[in-house]
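Here is what each chain is made of, one letter per residue.
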Amino acid sequence: DTEVTQTPKHLVMGMTNKKSLKCEQHMGHRAMYWYKQKAKKPPELMFVYSYEKLSINESVPSRFSPECPNSSLLNLHLHALQPEDSALYLCASSLVGGRMKMNTEAFFGQGTRLTVV
Amino acid sequence: ILNVEQSPQSLHVQEGDSTNFTCSFPSSNFYALHWYRWETAKSPEALFVMTLNGDEKKKGRISATLNTKEGYSYLYIKGSQPEDSATYLCASPRGGGTSYGKLTFGQGTILTVHP
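As given, the protein sequences belong to chains E and L, one line each in that order. Numbered by our numbering, the letters in the first sequence go through residues 1 to 117 in order. Numbered by our numbering, the letters in the second sequence go through residues 1001 to 1115 in order.
Source of the hints: derived by calculation from the structure; they are not laboratory data. Treat each hint with caution, since some may be false.
Per label pair, the in silico range of CB-to-CB distance [claimed, not checked]:
(1) E/Leu73 / L/Glu1056: 37 to 43 Å
(2) E/Ala80 / L/Gly1060: 46 to 52 Å
(3) E/Gly14 / L/Gly1054: 50 to 56 Å
Calculated cross-link-like contacts (lysine-lysine; reagent style DSS-like; alpha-carbon spacing at most 25 Å) [as the list claims (entries may be wrong)]:
(4) L/Lys1069 / L/Lys1042
(5) E/Lys38 / L/Lys1102
(6) E/Lys40 / L/Lys1102
(7) E/Lys41 / L/Lys1102
(8) E/Lys19 / E/Lys38
(9) L/Lys1102 / E/Lys53
Source: prediction; values computed, not measured. All C-beta atoms, glycine included, are put in the ideal place defined by N, C-alpha and C.
Input sequences plus hints: build the corresponding full structure.
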């Protein structure tokens, strides 16, 4: 199984709502990532978890709250988002590569298309 | 800041044409260079991860070369087919130590292969 599964595929939420994005992989990968992709832009890293611990937060606003409850699951909790947060949110996973230098490929999910109204 | 740049931004070719595009990146503190293919409504899919200067990798009709001293990689597609239509992204990790996992992506090259 080389799949990264993200749910839901589409999400529309109001600015006062609380919602969660989910990501699951069963490849035994111990590094998991959240990326954000706006239209016509490349994916931008938000968070990295390594061995279920948050290792990188790219100065993401606190209205985005990641969680890694176990080695197969990654969540992104959303609260009080703004319309400009509308984007495609991609989850990815990888082996923790040698010398921690990202020399192994990342496996991506199909993403959650989020619209904030 | 790591600037990864790709050219051209988009490319239209006829079925059967061979094509290539470029990814450039800072040559200092190089760790790895990733190529991904991203078809519409699908997941980005890894094509190659390259780490050694002079490396050349091949997967079917697609191949890639790497020059870490001058900071560029080429992706070649031989005999393009309509199913090769996709966005091709290159990416490189930044930093070291606690910077693990910071993949910086280029803007991508959108390839359209016309039957």
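For each hint, the structure was consulted:
no.: 1; hint: E/Leu73 / L/Glu1056: 37 to 43 Å; in the structure: holds, 38 Å
no.: 2; hint: E/Ala80 / L/Gly1060: 46 to 52 Å; in the structure: holds, 47 Å
no.: 3; hint: E/Gly14 / L/Gly1054: 50 to 56 Å; in the structure: holds, 54 Å
no.: 4; hint: L/Lys1069 / L/Lys1042; in the structure: violated, 34 Å
no.: 5; hint: E/Lys38 / L/Lys1102; in the structure: holds, 18 Å
no.: 6; hint: E/Lys40 / L/Lys1102; in the structure: holds, 20 Å
no.: 7; hint: E/Lys41 / L/Lys1102; in the structure: holds, 17 Å
no.: 8; hint: E/Lys19 / E/Lys38; in the structure: holds, 19 Å
no.: 9; hint: L/Lys1102 / E/Lys53; in the structure: holds, 15 Å
Hint compliance for this structure: hint 4 alone is broken.
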